[in-house]
Amino acid sequence: MHAVPTPLLTPLPTPLTLGLATRRTRRPLRIGVIGPWKYPLVQPFAGGLESHVSELTARLRQLGHDVSLFAREGSTGVATGDELESGWIPSLAATRDVSMPSMAAMLEHHAYQRLLLRLVHGEAEQRFDLIHIHAVHHLPVAMAPSLPVPVIATLHTPPTAWLESTLAVTRGAGVRFTAVSSHVSKAWSVLEQRPEVVLNGVDTDVWRAGPGGGRVVWSGRLVPEKAPHLAIRAARLAGRPITIAGPVSDPDYVRREIAPLLGDDVTYAGHLGQQALAALVGSAAVVLATPVWEEPFGLTVAEALSCGTPVVAFDRGGIREVIGSSGSGVLVPADDVAAMAAAIPLAERIDREAVRRHAERRLSLGRMVERYVDLYRVAVRAGHDPEVSRGVVTGQAQALEALQPALHREPAPLLTKMVGVADD
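For what it's worth, our numbering labels the leading residue of the sequence shown as 12, then goes sequentially.
None of these hints come from the bench; they were simulated from the model.
Keep in mind that the hints are not guaranteed to be accurate.
What follows is a set of in silico ranges between Cβ atoms, one per label pair, in the way DEER data are often shown [unchecked claim]:
id, residue 1, residue 2, range
1, Val180, Leu248, 47 to 55 angstroms
2, Glu203, Thr91, 52 to 60 angstroms
3, Ser110, Gly250, 52 to 60 angstroms
4, Gly394, Gly224, 52 to 60 angstroms
5, Ala287, Gln73, 19 to 27 angstroms
Cβ coordinates follow ideal geometry from the N, Cα and C atoms, glycine included.
Modelling step: build the complete structure from the supplied sequences, incorporating the hints.
Encoded structure:
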């Protein structure tokens, strides 16, 4: 079994045109952030999406922007009146309708419907310069053409049937799309233009460099598609003790696949807050990532690299973009437990300081937020056009040509790509 070398992903230069727009437009922005509905955005986070939206919102506020977060009740930073709640109790007759989706799906739909109708009927124009959608649900994107302000939507997952069918009809009208990895961007082929890639970032002040140690660590949601049981098998093959941490999101899976494996060499640390989890990850020799689905990004990988901890990961989805070409980890063939076990000693020899530098340079929360603010300012300058179908702000010649009067008609020949990932 041989480890697969990480690909060459050369960061591309920061576009000067967008930097120019940012420097000339210093005023704080009024931003509406539409978050996911399934879980509250509060530590310990239920998953990477919840962590991402919460930290983006907090950092934007630290930078002085006026940010309103729409998320479940109990979320950190949600003002009274901005909770994503349905306000609907079904009648007894409605609960007997076996043709309807699950009650959770109905409540989610109703919550977004209430919010979007509020925004369409005057609230968006009164409160916001733009709206940034992070919802997995299709309704915010479907109603975006009716909103009177620019809309950016970040695609956090591979295509889903509901949202893909919406885009097949709307062609993304009224929305500028971004994606969390090149892998996700390519997967949304229903869009006429590929979404711009903005890699997720982690707070490097929270995920501090750690000393390492003798154990390996796995962190994430304990669900079949994340496959922590394969990480346990790999650690045992390599003769290394392992600690796993994360929420028990699928109790049946944990009872069936994880609980029987626990022992002196396999411990479960629980669902930890960021500080405690960062300490655990920073004390690991290596972190394992074992997705058996096409992982959109791999936030736990970025967190590990920020702690200076090398990663051994199955080569799936966007993970190779996170590890990059700097030698911060080892990619092995998907689902190959033996190859992962063989790669653990190789990863233990990687320079932890170099791993940390890679994360600071490429995967920091500050870098990510800077890219989004650049996008926000371009969108606000361009204004709202309900007919627009620019799924990207890549290949933006037309969009920026329209902005030239606002940019004093300075040419934009240096605009190539906005974010440093490979484009193939």
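Verification of the supplied hints:
1. Val180 x Leu248: 47 to 55 angstroms: This hint holds: roughly 49 angstroms between Cβ atoms.
2. Glu203 x Thr91: 52 to 60 angstroms: 40 angstroms Cβ-Cβ, so the 52 to 60 angstroms window is violated.
3. Ser110 x Gly250: 52 to 60 angstroms: Holds, at about 54 angstroms.
4. Gly394 x Gly224: 52 to 60 angstroms: holds (53 angstroms)
5. Ala287 x Gln73: 19 to 27 angstroms: Once the Cβ atoms are compared, 23 angstroms apart, the range 19 to 27 angstroms for Gln73 and Ala287 holds.
Going through the hint list in order, the structure does not satisfy hint 2, though it satisfies all others.
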